[in-house]
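S.K.: Sequence:
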Amino acid sequence: MVEDEPLLLMHIADELVKAGFDVVESPNADHALRRISIDPTIDILFTDVDMPGSMDGVALSEIVSHQRPDMVIVMTSGETHEELAAVKEGVAFIPKPYVPAELVEVINAALGE
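Residues 108 to 220, numbered by the numbering used here, are exactly what the sequence shown covers, in order.
Everything labelled a hint here was simulated from the structure, so no lab data went into it.
Keep in mind that a hint or two might mislead.
[What the hints assert, rightly or not] Calculated lysine to any residue pairs in the SDA-like style (CA-CA distance at most 25 Å, straight line):
no.: 1; residue 1: K125; residue 2: P207
no.: 2; residue 1: K125; residue 2: V179
no.: 3; residue 1: K203; residue 2: M162
no.: 4; residue 1: K125; residue 2: V211
no.: 5; residue 1: K125; residue 2: Q174
no.: 6; residue 1: K125; residue 2: N135
no.: 7; residue 1: K203; residue 2: N215
no.: 8; residue 1: K125; residue 2: P113
no.: 9; residue 1: K203; residue 2: D137
no.: 10; residue 1: K203; residue 2: E169
no.: 11; residue 1: K125; residue 2: S161
no.: 12; residue 1: K203; residue 2: D111
no.: 13; residue 1: K203; residue 2: P147
no.: 14; residue 1: K125; residue 2: M162
no.: 15; residue 1: K203; residue 2: I145
no.: 16; residue 1: K125; residue 2: R142
no.: 17; residue 1: K125; residue 2: E169
no.: 18; residue 1: K125; residue 2: A216
no.: 19; residue 1: K125; residue 2: D150
no.: 20; residue 1: K203; residue 2: S172
no.: 21; residue 1: K125; residue 2: G160
no.: 22; residue 1: K125; residue 2: L210
no.: 23; residue 1: K125; residue 2: L114
no.: 24; residue 1: K125; residue 2: E196
no.: 25; residue 1: K203; residue 2: G219
no.: 26; residue 1: K203; residue 2: I214
no.: 27; residue 1: K203; residue 2: L116
no.: 28; residue 1: K203; residue 2: M117
no.: 29; residue 1: K203; residue 2: E220
no.: 30; residue 1: K203; residue 2: H118
no.: 31; residue 1: K203; residue 2: P134
no.: 32; residue 1: K125; residue 2: H173
no.: 33; residue 1: K125; residue 2: D111
no.: 34; residue 1: K203; residue 2: H138
no.: 35; residue 1: K125; residue 2: E209
no.: 36; residue 1: K203; residue 2: A217
no.: 37; residue 1: K203; residue 2: E132
no.: 38; residue 1: K203; residue 2: V124
no.: 39; residue 1: K125; residue 2: I170
no.: 40; residue 1: K203; residue 2: V171
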């Protein structure tokens, strides 16, 4: 899970753990990319679009989809106009604000469950 708002990161990560997911928390795309490159067991990327650092969630998802084409990618944003247009086909999207149960549904649907 990649989210630059610490309280949101902690809260949603806790909810995902309660839903049965193992969660690796990342505060930005750079950190997430490093974690993904060293941990082949990570199979879902849930990322915010708008984040500080060298890349946003859209750029992160593009890199990850090339490096790990089998990875499920779910993106979120409070800005849905331009950012939603940037989300490529095959990437699930959930707009902010969302409740954890909605996120779990989106992730499960992206997993084909």
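S.K.: Confirm or reject each hint.
M.R.: To see whether the hints hold, each was checked on the structure:
{"no.": "1", "hint": "K125 <-> P207", "in the structure": "holds (10 Å)"}
{"no.": "2", "hint": "K125 <-> V179", "in the structure": "holds (20 Å)"}
{"no.": "3", "hint": "K203 <-> M162", "in the structure": "holds (20 Å)"}
{"no.": "4", "hint": "K125 <-> V211", "in the structure": "holds (10 Å)"}
{"no.": "5", "hint": "K125 <-> Q174", "in the structure": "violated (29 Å)"}
{"no.": "6", "hint": "K125 <-> N135", "in the structure": "holds (23 Å)"}
{"no.": "7", "hint": "K203 <-> N215", "in the structure": "holds (18 Å)"}
{"no.": "8", "hint": "K125 <-> P113", "in the structure": "holds (18 Å)"}
{"no.": "9", "hint": "K203 <-> D137", "in the structure": "holds (22 Å)"}
{"no.": "10", "hint": "K203 <-> E169", "in the structure": "holds (21 Å)"}
{"no.": "11", "hint": "K125 <-> S161", "in the structure": "violated (32 Å)"}
{"no.": "12", "hint": "K203 <-> D111", "in the structure": "holds (14 Å)"}
{"no.": "13", "hint": "K203 <-> P147", "in the structure": "violated (29 Å)"}
{"no.": "14", "hint": "K125 <-> M162", "in the structure": "violated (30 Å)"}
{"no.": "15", "hint": "K203 <-> I145", "in the structure": "violated (29 Å)"}
{"no.": "16", "hint": "K125 <-> R142", "in the structure": "holds (22 Å)"}
{"no.": "17", "hint": "K125 <-> E169", "in the structure": "violated (29 Å)"}
{"no.": "18", "hint": "K125 <-> A216", "in the structure": "holds (18 Å)"}
{"no.": "19", "hint": "K125 <-> D150", "in the structure": "holds (18 Å)"}
{"no.": "20", "hint": "K203 <-> S172", "in the structure": "holds (23 Å)"}
{"no.": "21", "hint": "K125 <-> G160", "in the structure": "violated (29 Å)"}
{"no.": "22", "hint": "K125 <-> L210", "in the structure": "holds (13 Å)"}
{"no.": "23", "hint": "K125 <-> L114", "in the structure": "holds (17 Å)"}
{"no.": "24", "hint": "K125 <-> E196", "in the structure": "violated (29 Å)"}
{"no.": "25", "hint": "K203 <-> G219", "in the structure": "holds (22 Å)"}
{"no.": "26", "hint": "K203 <-> I214", "in the structure": "holds (15 Å)"}
{"no.": "27", "hint": "K203 <-> L116", "in the structure": "holds (13 Å)"}
{"no.": "28", "hint": "K203 <-> M117", "in the structure": "holds (16 Å)"}
{"no.": "29", "hint": "K203 <-> E220", "in the structure": "holds (23 Å)"}
{"no.": "30", "hint": "K203 <-> H118", "in the structure": "holds (14 Å)"}
{"no.": "31", "hint": "K203 <-> P134", "in the structure": "holds (17 Å)"}
{"no.": "32", "hint": "K125 <-> H173", "in the structure": "violated (30 Å)"}
{"no.": "33", "hint": "K125 <-> D111", "in the structure": "holds (21 Å)"}
{"no.": "34", "hint": "K203 <-> H138", "in the structure": "holds (22 Å)"}
{"no.": "35", "hint": "K125 <-> E209", "in the structure": "holds (14 Å)"}
{"no.": "36", "hint": "K203 <-> A217", "in the structure": "holds (18 Å)"}
{"no.": "37", "hint": "K203 <-> E132", "in the structure": "holds (18 Å)"}
{"no.": "38", "hint": "K203 <-> V124", "in the structure": "holds (20 Å)"}
{"no.": "39", "hint": "K125 <-> I170", "in the structure": "violated (29 Å)"}
{"no.": "40", "hint": "K203 <-> V171", "in the structure": "holds (22 Å)"}
Of the numbered hints listed earlier, those contradicted by the structure are 5, 11, 13, 14, 15, 17, 21, 24, 32 and 39.
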